[in-house]
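Keeping their order, the protein sequence lines are chains A and B. The opening residue of the first sequence carries number 1 in our numbering; numbering runs sequentially from there. The opening residue of the second sequence carries number 1 in our numbering; numbering runs sequentially from there.
Calculated directly from the structure, the hints in this document are not laboratory data. Note that this is a predicted model, so its numbers are computed, not measured. Backbone N, C-alpha and C define an ideal beta-carbon position, used for all residues, glycine too. Among the clues, some could well be false.
[What the hints assert, rightly or not] Selected chain A positions facing chain B (Cβ under 7 Å, derived; list incomplete):
(1) 105
(2) 142
(3) 143
(4) 231
(5) 234
(6) 235
There are 2 protein chains.
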Amino acid sequence: MRSPADAAPSYLYLPELGAPGATVALPPGEGHYLVRVCRARAGDRATATDGRGAVAVLRVTTIGKSVEAVVESLERAERSRRAWVWCGPPEGERADWLVEKLSELGVEVWQPLHCERGRWARGDGRGVRWRRLAVAAMRQARRRFVMEVRPPLELGEALEQVPPQASRWLASAEGTRAPAAAGGELAVAAVGPAGGFTRVEEGWFRERGFAPICLSDGRLRSETAALAWAAWWASQ
Amino acid sequence: MRSPADAAPSYLYLPELGAPGATVALPPGEGHYLVRVCRARAGDRATATDGRGAVAVLRVTTIGKSVEAVVESLERAERSRRAWVWCGPPEGERADWLVEKLSELGVEVWQPLHCERGRWARGDGRGVRWRRLAVAAMRQARRRFVMEVRPPLELGEALEQVPPQASRWLASAEGTRAPAAAGGELAVAAVGPAGGFTRVEEGWFRERGFAPICLSDGRLRSETAALAWAAWWASQ
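My request is simple: use the sequences and hints to build the entire structure.
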């Protein structure tokens, strides 16, 4: 079923894509994937992204100890819409698949939040794992931007850093059902930890212009609410 | 922090709720949960659903070998909106958390579909596990309806059974972005297996009036598309 001139399913992640005409040596993981999984041969084409908006067509030139390819063409794009998700810790390991799903849906920034009722554990290698999941999901969805995984922030600090032009959303069972579209170029959503935000924290969000949005007629877990918001945003 | 007269976090699943005034013996699992986890005592109140629209306030009367309660009041409701999700098999065990999430979002029916490019495995106890997950998620979300888990159907058979009044949606990267609301009292969504529906299958859906809907600007995995559709529906 394989087309001989196109390692079609391949979608590589090369953070350092060269300009058209440049020869790039593939990182070992990507080279292995291309040759062993996609069964590429010299002369085949493959697609690659740098995760920062560029997508290139490569032609494989060398297969050996190192896999090399030449950049045939390259196209760069800007994000037209951006979404950031701020989230308190859900229960257990549920954040792992949340990171995967948010990345698939095209969220720009994953921002874990330390909250009164839930703090993210430190030094458990989560950041590294999340970055790997975000890259894998970007490839799966054939996106040109990799989701940025930020280190956890105190809620108060995060609030100091909301870009002024952002539309702001607070996941809340008491919010508005089916509000108008997210609007604007950047949307920021805040989702509480498993135990929810405190009333004081909710007050901070309201003072900063976060609009409460109700995403379901039932009570949602943190990770479900975060995903439901991202799906609502992505469907627009 | 516990209020002495109300085992507040309790939300029990009692498929056979009696009429007001009746005494019910709790199934062992629910009795254990109420007494050991919620620390209920005789005289305390608890909330229970039958998963078919009724929610009752119970008063605990006996704690011993068996836990008994009297139904103080009972309120029954109909579903005002209903959603069915038809889904070909995603990769690995991803259907498990999908079942949990669809249940949290209030989907009425989970219908696994056998498709040309993916068939559900037989006899692996999935149905039993899914029903357990659906009940747990209903309790978590404090809903009054439990999601119905149906056995897998051939796509052709499923198509014979679409209720005529249902609005119909086909998750497709080539569909319409942000269509009007799902509309109607019942909405049915079809999502392909990991390898996607074939062109022939897509044709069958179109003949039956399924409207292609694009849920993201990237390629979504089966379980992500199913969830994104349900979140879109739930947000309305």
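Against the structure, the hints come out as follows:
Interface hint at residue 105(A): satisfied, since its Cβ lies 5 Å from the closest Cβ of chain B, which is below the 7 Å cut-off. For residue 142(A), the interface hint holds, the least distance from its beta-carbon to any beta-carbon of chain B being 5 Å, beneath 7 Å. Checking residue 143(A) against chain B: minimum C-beta separation of about 5 Å stays under 7 Å; hint holds. For residue 231(A), the shortest C-beta to C-beta distance to chain B is roughly 4 Å, which falls under 7 Å, so the interface hint holds.
The closest approach between the C-beta of residue 234(A) and any C-beta of chain B is roughly 4 Å, which is under the 7 Å cut-off, so the hint is satisfied. The restraint placing residue 235(A) at the interface with chain B holds, with a minimum CB-CB distance near 5 Å, inside the 7 Å limit.
When held up to the earlier numbered hints, the structure conflicts with none and fits them all.
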